[in-house]
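In order, the protein sequence lines correspond to chains Y and W. For the first sequence, my numbering begins at 1 and goes up steadily by one. For the second sequence, my numbering begins at 548 and goes up steadily by one.
No incorrect hints appear here.
Just a few of them, taken from the derived set where beta-carbon distance is under 10 Å, the chain W residues facing chain Y:
(1) Gln-570
(2) Val-595
(3) Arg-598
(4) Asp-654
(5) Ser-697
(6) Gly-728
(7) Ala-749
(8) Arg-773
Source of the hints: derived by calculation from the structure; they are not laboratory data. Quick reminder that beta carbons are idealized off the backbone N, C-alpha and C, glycines included.
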Amino acid sequence: MTLLKGSVAMPRDNDSAFLLDKHKRGLQNLDRMARYPLDETVDMLIVGAGAGGGVLAQRLARAGWRVVVLERGPFWDPDRDWVSDEKGSSGLYWTENRIISGNDPIQMGKNNSGVGVGGSMTHFAGYTPRLHPSDFETRTRDGVGVDWPISYWELQESFERVERELPVAGEFWPWGDPHGYPHGPHPVAGAASVAWQGARNHGIEMRVGPVAITNGVFGNRPHCIYRGFCLEGCKVNAKASPLITHFPDAVERGCEIRADSMATRVEVDDATGRISGVTYMTDGKERFQRAAAVAVCGYAIETPRLLLNSACPRHPNGLGNNDDQVGRYVMVQGATQTAARFPEMLRMYKAPPPEISSEQFYETDERRGFARGFSIQTISPMPIGWAEHVLAEGHWGQGLREYMRDYNHWTVLGILAEFLPQPENRVTLADVKDANGMPVAHFNYNMCENDHAIVDFASDILDKIWDGARAQDTLTIDRYAHLVGGARMGFSPDDSVVDSNHRVWGVDNLFVVDGAVLPTQGAANPALVIMALADRCAGLLAKKRAA
Amino acid sequence: MNVEEARPDPHDLPKQRAGITPQMVGRYPTYDVLSQTSHWDETTRRVVLDRVENVPPIEFFTEGEALTLDAFCNIVTAQDSEPRIAVLNYIDEKLQRGERDGWRFFDMPDDDELWRLVARGLDEEARHHAHDSFADAPVETQVGIVHRFSKADLHGGVWEQVNLSRAFSVVMRYVAQAFYGHPWAWNEIGFGGPAYPRGYGAFGSPHLGEEESWEADESAHYDPVRDVRQRGLD
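This is chain W alone, in the form it adopts within the complex (with noise of 0.2 Å):
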């Protein structure tokens, strides 16, 4: 992967026009989900706005830790410009309070110490490269860390106390969850979000032209399989 391809704006996606989504793409340019909040149920509401409005700060991570997660968070989502989702804010709340997913493995830390030691690692990697941490380090060279981590090909260090692809997929179960729970990544994918207590009248056949009124359509898609493969995203 090189920086071109790790830009956000692929085949030219349309601007967002209502709501905010993600560095304002999106192939729903048209849908806001935050438009509905009327329709939720209070508690739901209250839990969903509070991650748009309350972005938590971070007490979990040193200083040092969240400017290097911050930029790893940026990278594996593709957050190369405002508006971004504060991913390494939601993971800090989770590990401040001790919440879990329900398992270990055998063989891995537990999540907390897992987390800060991909901090020193990627910052140990980023010295391999003559730069101060990962943080400090030019985009390409941020990507082309996290492209050897995802293939379990990083050595020395830190990295010998723990299973990488093991490693790769928890943090980046964490990642999944800040990235796709957050009301922002709904609008870019066109999710319907919570749907209690209106539920849904229109789920039959959509090439029958069958939706809710207040769903907007899509501007453009391509199939992921054969775009991702071409453009040299894998």
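Okay, chain Y solo, but in the shape it has when bound (with noise of 0.2 Å):
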């Protein structure tokens, strides 16, 4: 695949690459970005300026559909907000009060959770791999989870135009279905190619991405620097996201986008039962939207807590909850982490964390004794993200200092591994209000045994790795990662809170295009799904309009 390094495919329908500037990172057509009045009616209303609301509004405003997307954090401009630090760039993450619960509780933050135009991908490490075919039917193949109302094969063209906008770079990628990818892989540091020889020696294949970040010439976004700050915003516009990856031609072709601007009600019009807008709270103000239709895009967290706060009348449970499914089934990743000791320095914290990933253990092996599987990754976390793997061990005073003082002998490698939903893993109301004065989101979580399972499994696979690699010593602290589900998709109103087309069931304009329509998530990184997913949709929406 070196062949295509860095030279073809740019994609047809998306300039956002040539409408960026070379030297400055904010979007350079802000100036020219279109207005709508409140009362007017615009044709789609997108509350979350994220993976799935970029995507939708740019392929939407190309279709001539006036847009307008509601964000509830800041508008970045990366040269003016972000910075080349660990500590400074909690600004990214989602940090309003949130409850956790359950047996296995789960943090949120800088873990899953952002905001600001460009939503958790601003932060997000860059891993963009596609699900399996299998994932799409793990009911009928493997007798757990449930099936989708889609297969793989009415998202594979998706994933080929988003793999093409964000661009992938990546070697040739030989699990699920084989494919290429439009930028040849990175070049791999020293921390993570000791990582490949442990795994090699066991008889584990790995390959290089694949990661949504530039390896050659793409528009005006310039090649990666290593350096490294991934999860802190890319300040080089290497890494996408869609506010450098969609939202500068969204702009360009009308679509309007309010940041600050906090969604707290969906409405809808009693007399016909149709949605009529978005109340939303911006500089202390409420003000109300009119729209010919709404699509939630807040993703597993947020999009439950925006449909169970928008009850009304007619739908007194919240929207698409008649049967009790909103805020249901949402899954996070089981994302155990080992971390291996060298007599050499490492110095881990040069290079995208993302460097090399394996699915060999992706799919079902009966004689593992569980279903579904997992990936491995590479993850090289900055010096905090260290401290909290010492912390987790139990060490403060001068043993905390200690293992600091080694950090760069250290390297991480982790897993990824596919949790089944549940319906009791929930999203409900809280008694907790924000300073809006609306109920914040309770999130509930427990593991199932085959999760558990997985696990244990994918961690001896770890330590195996670094046995065959020759480390001297090994930590492993038991994470979650990602945030999927909440409003899945589904065959029936009893089972689903949206159809196929992403349409709230029972409402007829509401649509939800994010990771909360995910049925289940696989053992893959979930933004470029949601990506495909959002294609996929704006497409079907574009070409009912047309008819």
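Hints are included, so try docking the two chains, each in its own frame, into the full complex.
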């Protein structure tokens, strides 16, 4: 695939990379951005400017729709707002209060939640794997989870289209539906090459990528400079997020983005039963924007929260919730990390944390005693992240200081284990309210037996890899990553919140287009999947409107 | 853990010769990340230098709470002499601004209330040892109390109001952010610090001797897994 490196396949229907400036990181066309009056009924009002909302906005604006996007957080200018510093990047995370509970309470914030234009992709590591064809029919194949109402093949073109737009760099991918990538593999740094050697010694295949980080010519977006701060927001514009991959083009095509605007209710016209628009708070004031259709793209926590908080006489339990489905089947992935110590200095903070990965254990193998599987990926925490490893081991005082002084000798591998969807892993409204008087989300999580079995097996594999690499010592911490589900796509109102076209059951002009719709999650990082779903949904909407 | 082990100079680590580290020890005696500020973008430079040059005043905590928690922060980061990173000042600033990390356990109070509870609990515990407050107790008593806090082994009074292991993990998260977000700690551990717009060229195989011209060598290293265990620092 190296022949393709940085050369071909610029996207045909997205000029974002050319609308940016080579030497400035923020959007250059904001002075031309459309402004729609509140009482004008826009064609589509999107709540949330992340992976789902970003792609949907750009596609519909291209198709001639009048689109407004409401975003809770700021309109980032990376030159002005972002720093090449771990502690100074906390503004990128959704840090407002959320209540967590259950046997396995899930930490939020920097772990899985973003705020501002670009959503959590501004601080995602950069991995952009596809789902496997098997992910869409786990019930039929493996007797667990649930089947999707669509197949992999209905998303295949969307995967390809989005991979060209980000663009994704990596080696030819042998797992799932085998495919190549528009940009070739990035060079592998010292820390990751140690892991690769260990994997090879145990017969485990790894590949470079797939990451949404430029590795060649791509419009006005610079090449990666390997500074390693992917989780702190890419000040280079090399790593993809909708802020730079979709919103420049959306703005150019007449989309308005209203930053610092927190949607509090989706409103229903009692007479017709149709959605009339969205109430939101901006600058301490309440506003109402009229819309012919609304797409909620707030992700697995905020989407259920908004739907539940929009209860009204016609929908007393919240929108789409007549059958008590909203907020259920939220999923995280098991993301146990094992760090390994080597005599040589590895300086793992250099180069992007996402470097090499393996999907060798992705599919069900009955001999292992559990259904579904996991992937393996490199992860390279900065000092504060590394301190969290050391603290989890119970060290403080001199023990903490000494482990931390040894930072440059360590490197880290992590797993992404497919946890199964369960109805009681859910988002509800808490008694506590936020500054706008809106109840905050309460997120309860319990792992099931199959989840535990995958994590145990996968942790052993990580130990084997480090053993194969001749690590002197290892440290393991159990943690969780990503969020999907909560408003899942399904076959009927009693098993889901939206249909296969993302339309909320029972509400004609309301859609959910984000990670909340995933019925299962595979062992893949969700960003590309969410974007591909939004691409497909936009195609269906535009076609219907043209007809 | 005893007082001897709480001292900051294990294995005669070299004195820092360039720049500052907490207690002037570290593994990279000739490395000063602050000598590289001309290579940082202006936005980052302002934010990072501000941490060094403008230590925020204590505004959130009362005087008494601050004395207690300052002593606590020094114990959990093994800072027994100057120069010290003013850990509590950065924690105070974060709480004063109302910044949080984005979640709260259903059975825990809000973080600001938790910090005040911890201050009260540490003082109550010190009084059980016949000292007026945690800050007035000798270091070995302070270390003993923190040790039991870390093992969720404190009882009575305010400790009955919170889940102790969660409480310890919440406060230590704040401590780690304050301490390892500071450039003096980066000198101690040999971290490269901000890297925009320069980036890295030498990120390949370190055993080939590949490093950036401005990086310093490590003067000594011990595998902490064995060393910390041997010296009973767990």
